[in-house]
Each structure stands twice: as C-alpha cells, then as structure tokens.
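Number of protein chains: 2
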Amino acid sequence: MDATLQEVNTALHEAQVAFLSYKNLSGKKKAEFLNAIADEIETLGQELVSTAMRETNLPEARIIGERGRTTGHCRMFAKLVEEGSWVDARVDTAQPDRQPLPKVDIRKMSVPVGPVVVFGAANFPLAYSTAGGDTASALAAGCPVIVKAHPAHSDTSDLVAKAIQKAMKKTGMPNNVFQHLHGKGFEVGQALVKHPHTKAVGFTGSLVGGKALFDLANQRPEPIPVFAEMSSINPVILLPESLAKDCDKTATLLASSITQGVGQFCTNPGLIIAVEGEGLKNLIAKLTEEIKKALPGTMLHQGIADNYHKRIAQTLTQQGIKIEGEASEKGDTSQGQPLVASVPAPEFLKNHLLAEEVFGPFSLIVKCKDLAELHSVINNGKGQLTSSVIGRDEEVTKHKNLLNILIEKAGRLIINGVPTGVEVCPSMNHGGPYPATTDSRFTAVGTDAIKRFVRPVTFQNFPDSLLPDELKESNPLKIWRYRDGEWLKG
Amino acid sequence: MDATLQEVNTALHEAQVAFLSYKNLSGKKKAEFLNAIADEIETLGQELVSTAMRETNLPEARIIGERGRTTGHCRMFAKLVEEGSWVDARVDTAQPDRQPLPKVDIRKMSVPVGPVVVFGAANFPLAYSTAGGDTASALAAGCPVIVKAHPAHSDTSDLVAKAIQKAMKKTGMPNNVFQHLHGKGFEVGQALVKHPHTKAVGFTGSLVGGKALFDLANQRPEPIPVFAEMSSINPVILLPESLAKDCDKTATLLASSITQGVGQFCTNPGLIIAVEGEGLKNLIAKLTEEIKKALPGTMLHQGIADNYHKRIAQTLTQQGIKIEGEASEKGDTSQGQPLVASVPAPEFLKNHLLAEEVFGPFSLIVKCKDLAELHSVINNGKGQLTSSVIGRDEEVTKHKNLLNILIEKAGRLIINGVPTGVEVCPSMNHGGPYPATTDSRFTAVGTDAIKRFVRPVTFQNFPDSLLPDELKESNPLKIWRYRDGEWLKG
Chain A
1 MDATLQEVNT
11 ALHEAQVAFL
21 SYKNLSGKKK
31 AEFLNAIADE
41 IETLGQELVS
51 TAMRETNLPE
61 ARIIGERGRT
71 TGHCRMFAKL
81 VEEGSWVDAR
91 VDTAQPDRQP
101 LPKVDIRKMS
111 VPVGPVVVFG
121 AANFPLAYST
131 AGGDTASALA
141 AGCPVIVKAH
151 PAHSDTSDLV
161 AKAIQKAMKK
171 TGMPNNVFQH
181 LHGKGFEVGQ
191 ALVKHPHTKA
201 VGFTGSLVGG
211 KALFDLANQR
221 PEPIPVFAEM
231 SSINPVILLP
241 ESLAKDCDKT
251 ATLLASSITQ
261 GVGQFCTNPG
271 LIIAVEGEGL
281 KNLIAKLTEE
291 IKKALPGTML
301 HQGIADNYHK
311 RIAQTLTQQG
321 IKIEGEASEK
331 GDTSQGQPLV
341 ASVPAPEFLK
351 NHLLAEEVFG
361 PFSLIVKCKD
371 LAELHSVINN
381 GKGQLTSSVI
391 GRDEEVTKHK
401 NLLNILIEKA
411 GRLIINGVPT
421 GVEVCPSMNH
431 GGPYPATTDS
441 RFTAVGTDAI
451 KRFVRPVTFQ
461 NFPDSLLPDE
471 LKESNPLKIW
481 RYRDGEWLKG
Chain B
1 MDATLQEVNT
11 ALHEAQVAFL
21 SYKNLSGKKK
31 AEFLNAIADE
41 IETLGQELVS
51 TAMRETNLPE
61 ARIIGERGRT
71 TGHCRMFAKL
81 VEEGSWVDAR
91 VDTAQPDRQP
101 LPKVDIRKMS
111 VPVGPVVVFG
121 AANFPLAYST
131 AGGDTASALA
141 AGCPVIVKAH
151 PAHSDTSDLV
161 AKAIQKAMKK
171 TGMPNNVFQH
181 LHGKGFEVGQ
191 ALVKHPHTKA
201 VGFTGSLVGG
211 KALFDLANQR
221 PEPIPVFAEM
231 SSINPVILLP
241 ESLAKDCDKT
251 ATLLASSITQ
261 GVGQFCTNPG
271 LIIAVEGEGL
281 KNLIAKLTEE
291 IKKALPGTML
301 HQGIADNYHK
311 RIAQTLTQQG
321 IKIEGEASEK
331 GDTSQGQPLV
341 ASVPAPEFLK
351 NHLLAEEVFG
361 PFSLIVKCKD
371 LAELHSVINN
381 GKGQLTSSVI
391 GRDEEVTKHK
401 NLLNILIEKA
411 GRLIINGVPT
421 GVEVCPSMNH
431 GGPYPATTDS
441 RFTAVGTDAI
451 KRFVRPVTFQ
461 NFPDSLLPDE
471 LKESNPLKIW
481 RYRDGEWLKG
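As you go down the protein sequences, you meet chains A and B in turn. Heads up, the first sequence is in our numbering, so the first residue is 1 and it goes up one at a time. Heads up, the second sequence is in our numbering, so the first residue is 1 and it goes up one at a time.
Pulled out of the complex, with its shape left as it was, chain A reads as follows:
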C-alpha cells in the first residue's frame, strides 16, 4: 500500500535517529550486517526467484545471476568496510616548533552524509533495487537507507526488504536503519527527496525521472546530491580494417549485446558508428541475419513495452532511416522485438531525436562516408556511460585521437568489447557525463560507489581518545593512511 506523507515524514525522523548511532558503528559491525543481508537474501530461496520472474518477466537464469550479483556486492562492501582503508584517512602531525607559526595536529577522514533515499530500478529487480548497489554502498558508508520500491516489482521488493530487516535485527543494528516504502505515483518519491533529513538520493531510470529528482533536490532550501543514472546509447565505433576482416565476429558480438535481456540494460549498444564500404555491408548482412533469428521477449512491464513500441515507431518515421533487420517472429504488445536500423550520418547529425535512448533491443547504425564524418558524429555526441572502439590493435593506435575525444564523452572506454556486462570491481566506473548521469564524478557500480554517500571531515587538535579509531595515533585498525606525506599501513 502506498505510504502516506505522514509515513514519509515519520520514516525520515526514524532514519535520522538511527543515523546518530549507526554512523558510529565499526566497520566490523557494518560488515556483519551486510553479510547477514546476503545470507538472508539467499535464505529466501526459490520464492524470491519465482516472485521476481513473475513480476519482471525475466528468465530464471537471469534472476539467479542477478541474485548472485546482489549478494556479491553486499559481501564486497562488507569486506571493504571491515578492512577500513576506504575512509581515505589523512594525518598531518603537529609541528610545535615550526616557524613562523606552529602547526597543530590535523587529521581527516570520510564520514557518512546522513539518511539516503534509494529508488528501486525497473530493470534490475535485485541488483539495483531494494538491496541493490545504492542501498549496499549507502549502508556500508554508514547511512540509513529508505527504499522506495519500484511499483513494477513491489512483491519482490517486499521480500528483499524483509530479508534486510531480519538481518538488521539479527546483527543488532539500530531500528529503522533500513526502511521500505511503496508509492505508485510521484508523491511519495517527491516527499522523500524534499524531506530536510534526506541527505542524498540514488536513482536508476529514465532521463525524465532522474532530471526531475535532480531539479527537485537542487531547489530544496538545502540542496542535496542526486546520483541518477539515466540515459546512455553507448556508441560502438567500428574501425575500417577490423570491419573488413572481423565483421562476422563483430556482428555476432553486437547482436548478442543488443538482444541480451530484451535490450533492457543501461549499457545496451544503441549506436553503431562506421564508415561505409564493403566491410560495413558485410557486417550489416551478418547482423541482420542474427537479429532475424533473435526472439522477441516480454519486457519488464507494459509501460516499458509501450514506450519501446512508441519510440521505435517514432524513430522509423525519421528522415533517412532504413530498417536493416528485425526479428522474424512478431511479438505481442508486451514484447520487445529486436530491430536494427541505419541512417546516413548527415541525417543523424541533423536530428537530435536519433541520439536519444530507445530502451529495448534496438540499435541504430550511423553510416559515415569517411573518417572526417565519423569524427563529426563523435564530436557531436552527448555524455555516455560507455564508448567502445572495435579495431585491430595497430588500427586503434593509428586512431588514438579518437580516444582523446571519446574519453570526454564517457565514463568507460572499451576496446574490442561490448558495453554490456558491467564487472563489479574497484576499477569499474559506471557513470559518465550528463545526460548519462547527473554526477560524472561518481560511480554506481564497484567499491567506489561508497564515495557517493560520504563527505570529508577534518579533526583539528583533537586529543587522541576523542578521535575516531581510523585516525588514532596508534592506527588500531591497521588501515592505509596518508601520514605526513607517506602512505603507511599500521
């Protein structure tokens, strides 16, 4: 049932109370909680899998995979905070004899920002929803979390929320350090973002939705950061030599990336850019063949399916658009039918609509007459989560200047690979310049996602006993610290 505005208010007050004790828990205690969340999610067993399958139309293997990713990131953050070096501790010891002025003892570390509101994502019922990356990283940072369940999978969300609450009790966490609310319309979400106790927001979804929350958060009397991961068409640039020699392999790789999960990934390769010629012809032929064989898939919910059909219809009426291949089997209105179209670069450059995300198993090939035109297309591109270049090694080296531009437009550069398949690891950056996200300085995936929910605080002239353990002179936690200009551990 939808939360009332009174319930939103109460939830934030409870979260603030929880914050004042939760923030001071040791990394070890928070790790116990995060590990217990992973355990409790696994304990849900088949019920969670069946419920998520029913609500999202995703196949069993995908849900099981996503569950593994979810418990995986909970345990990854547990390990991170138990080890403790993530707080980026800096220690500058006193120099009482310094001239002209003595220097006092100054130390700094990251501290949690306060209650965080997380919006469940439609396309990741587990890994980017209730116990998703935003929730896990915020809890790891020391922030209470209020999840607004995605209405399209509210039963799944309820199950996971109960698992988290069980873990909360089992590990003796402060009450209400995790809370779960429902809200079908905009009211609950808006009230959550506007509440004075809310200090940050995590969101994965549409550009319209993310931008609305961003604007709302900035218009508050006290503006707060919104980490919205929104819109990306993940251009894949095919270099000529590779196109001539490896076009079959590339086409197969692309077809699988385009159709995977009915194309419902933020890293779906929605744009393919190449110079016209025999190679591109052959690639399109092979890609068409693969797309024809691909099956339509039921999309996450009817709204997403309707939007896909609307956007496809709209795209196909644009000037210069040519259908290159579509799945032979027609789906019903709940399904996304794989489709690849092409457009000459000049038409693409004139038409902003063609550079906007079509969420589903669709990709647009931009045909350039030469490398100069390909450069224009890339130069005109907006911010992306990823950009990929497919080319032979020497060829990529020859076109190094392309990388110099692409790096300005994306958060992750890939050579000879597709953007789908986001590895969860310290070196991952899942983010990118606007409109890919609202804050390109932070990642939503990997250990560094924790940085979204902290801020630095300096402790000046503190007696040792009043310093947090992370900053105490003896370094009792044996963490890495930057001390008087040197990295030291223990």
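Because the hints were derived from the structure by calculation, they are not lab data. Wrong hints could be hidden among the right ones.
[Unchecked claim] Here are the simulated PhoX-like cross-link-like pairs (lysine-lysine), alpha carbons at most 25 Å apart as the crow flies: (1) B:LYS451 <-> A:LYS382; (2) A:LYS211 <-> B:LYS398; (3) B:LYS79 <-> A:LYS103; (4) B:LYS310 <-> A:LYS472; (5) B:LYS489 <-> A:LYS451; (6) A:LYS28 <-> B:LYS400; (7) A:LYS478 <-> B:LYS350; (8) A:LYS398 <-> A:LYS28; (9) B:LYS350 <-> B:LYS310.
[To be verified] Only some residues are given here: those of chain A computed to face chain B with a beta carbon under 7 Å: (10) LYS194; (11) SER440; (12) ARG441; (13) PRO456; (14) VAL457.
This one's a predicted model, so the numbers in the text were calculated from it and none came from an experiment. Yeah, the Cβ is synthetic: ideal placement off N, Cα and C, and Gly gets one too.
Let chain A serve as the given structure and place chain B on it in line with the hints.
Same frame as chain A, now just chain B:
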C-alpha cells in the same frame, strides 16, 4: 576593460582547444608550469605587494603572507602532480579462466573535467583569486582555467595573470591554458558559467552570489558542478569548566580571531555559544576589554564596509540583542569597527537573521540558561565550515555527544582552538554542509582540492601501449595503485 560576450565565447573555445592537448601533459610538465607560476609571482616583487595593498587596504605583512601561501600552494600542487599518485589508479587484471565468465583487464584513474571558470575572491586578492587555490588545483588536475578578475582588485589580478601567462610561455604550455577576463557586472560571469565548454566553476564569496551561480549551472542543458564557498559563522562552543578556569586565555584568543584582518575571513568566529554563569560573565568582561582596545580597520572595499555597517545596524535592532563591547576608536565609513554583542538563546532560536553571516569583525554570544538549551542551539544550526569546542580534555570527553552533532554541521572540528588560520595540507578540509558551500564533498584548501576538477574513467581491455602511463602494466611512474585488492607502488 570588461570582456564582451564575444570575448567570453572566444575564450571558452580557446580553452577547449587548449584542453585537448593540456590534459595529456605529464605530471612533470604540469609541475614545471606550476613552479614557474610561483617563481613569476615572486619576480613581481614589491609592485605586486604595493598594488594589492592599494586595492584591498590590507597591510603589507598580510599581503606578503598571502603571497607566500599562493606560491606555496602552486608548489604544493606541482609536487602532488609530479609524484602522480593523486589520480587514484585502480588496476584489476584479467582472469581469462574465471568461471562462469572470463574477466577482462579493467583499469581506472581520474581525468580532468575540462575548462574551469574561477571567480576571484574579494577577501583573498592572491590566495583565492587569480593564482589562488581554485586556479592552482584546476591547472594541476589538467584543466584550462579562465579567471574572472574580482573588480575590487583588478590591477592585482592583471599583474598575477601576466605572471601566469609568462610562466605558460616559458614552460611551453598550450596557448590559452590560462586566460583572464574582467567584468564588473553580472553578464561576464553568467556567460562564463553558461557556456557549453565550461565544465566546472570555483567561487568564493557571498551566499547570494554563490547560490545564483549554482542555480545557473544546474539550469544549463548540461548541468555542471559549482564549488562555491559562501557563508559560515563558525560557532565556538565554550564548555563550563574551561570557562570557569581559562576564561582570560579564551577571551584573548577569541578577540584576536574576531578582529584579525578586520574579520574578513570565511572562518571568522561569528558565533560564541555558552551557558550563563560566573565564567561567561568573566569571559565577556575580558573579551569586552580586548575588543575596546582593538582598532577599526579599512575594509576590502566600500561595498563590504557598507554591508558590514548595514548588517550591524540591522542586528542591533533585533529583539534581545545587547552590545557587550565595541572598539573605543570610531572608524570612518570605509572601516569596520570591532563589535561583540550577546543574545539570550530563546531569542536567537526564534530569529533566523541572527544565524546569518555578518562579514566583518563581529561576533554574537548566545547565552544559554543550561546545557539543554545549548544543545538546542547547536541542533538548530545550519551547515558551517568549522565548529570549535573549547574545554578541558576530560570535559570535552564528557560532552562527546556534542561532537556527534557538531560533525553533522561542519567540515572541520576544532578542539581548543579558533577557526581562523587554515593550514594548507593533505588533511585540511575547507568546506562544509550547505550553506557553507554548495558541495560538502570537496575541499577548497589542501591537496584534495584537486578532486573537484576530475572524474573517474575506466579503461577496459586496452592494449598496454594505449593506456595512460599511470595505468600501464609496468607502472612507469612508480605511483601508488590499488592493484587486484592491494596497494602497491612501482
């Protein structure tokens, strides 16, 4: 002369061209540039000192000190980027045999965001203006800088700009990696912030000015971050026992912090909070004595002096306000006369105006009837750059719960010290929750200030030769990197 909108546009286009080569320079090359800036500023000699004195009314010792701080931070950032570990490199090597899916090689580092616009600050003609902390950290990060000179010290700004441009030529930097524009009204600043090539903004000044730039930047088609350091009254909490025993020492310390530089510091202690009693009476008596002896000082410019007088007059008419002490010598209209007033806590809590910054040598003592009331005052406080607690060690320990609240309201906590005197070092955080700044996650002082002007980028499956040196397998720069879960150097 004020820049035209055409000149702003040209400047940003030049900055973008400069960016595409400057961003790829080695740390060593950027360090040469930053060191040369420091040298050229020193070469300006007495002319710079006299010009800054004439334009800002600040005394010679202060200008010389500020020059030292300015050349100091240029050299500090030079050292930082020459060493190179600041890019926060992360390396996860490939695991081709991993099950169920192989893992490709993934590496990540910070890269510069693009052209940065810096607004000169009225109160730091050198250290937070043309070659100030924002400029030095942005150049260190690899971002071209366009400075809009503060109109109150445009000659000083011109001199420093010429020094930077000389350093730019001497060290073979790309043309226009640093540019300097004038603009007395709002037009030039607004056009700079709105230009699509601008990727971040640094500002130090009023809440009204900073908030206006923040809103403008968020309303752009592509929102960009604004690092505005705006408004702080830096509460100092005096604990009872210390107040009883050390009140003379504390009063002297406070008086000097309040009156230093005619109170024109963002870290001026504008609020003193204590419980009523004999101790506070004695402290006020001693503080009054010190303030009476203090001399009025000519303020930075007439606008600041006018505003100080207006705000003082406004404050003194508020309910419950009592003047405790003011400088015996009356100044003229260009001067700021030191003044300390007091107010009972209930009146303070009712009146938002009293919690707003009065920029100048003024401080307000909030008299609380007991510790509970003192807690209310602290709980109601807004974001600050700093909060200080003055108390004997055991006493501070006893009031540890105060620190638990204060940490939510400030970027720096000080025990037994005053907020003025911001050490430039890795552990410094000069920032804080809104309205102290527009982004509490970043510092404007110290080595970490460089983080404001970078974003992470992941390099996936790159051939070694195409990786930046920071990420190459052999670690040719011998920097600290987080590699497969371990911090390693070289």
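Verification of the supplied hints:
| no. | hint | verdict |
| --- | --- | --- |
| 1 | B:LYS451 <-> A:LYS382 | holds, 23 Å |
| 2 | A:LYS211 <-> B:LYS398 | violated, 46 Å |
| 3 | B:LYS79 <-> A:LYS103 | holds, 20 Å |
| 4 | B:LYS310 <-> A:LYS472 | violated, 46 Å |
| 5 | B:LYS489 <-> A:LYS451 | holds, 23 Å |
| 6 | A:LYS28 <-> B:LYS400 | holds, 22 Å |
| 7 | A:LYS478 <-> B:LYS350 | violated, 47 Å |
| 8 | A:LYS398 <-> A:LYS28 | violated, 50 Å |
| 9 | B:LYS350 <-> B:LYS310 | holds, 21 Å |
| 10 | LYS194 | violated, 15 Å |
| 11 | SER440 | holds, 5 Å |
| 12 | ARG441 | holds, 5 Å |
| 13 | PRO456 | holds, 4 Å |
| 14 | VAL457 | holds, 6 Å |
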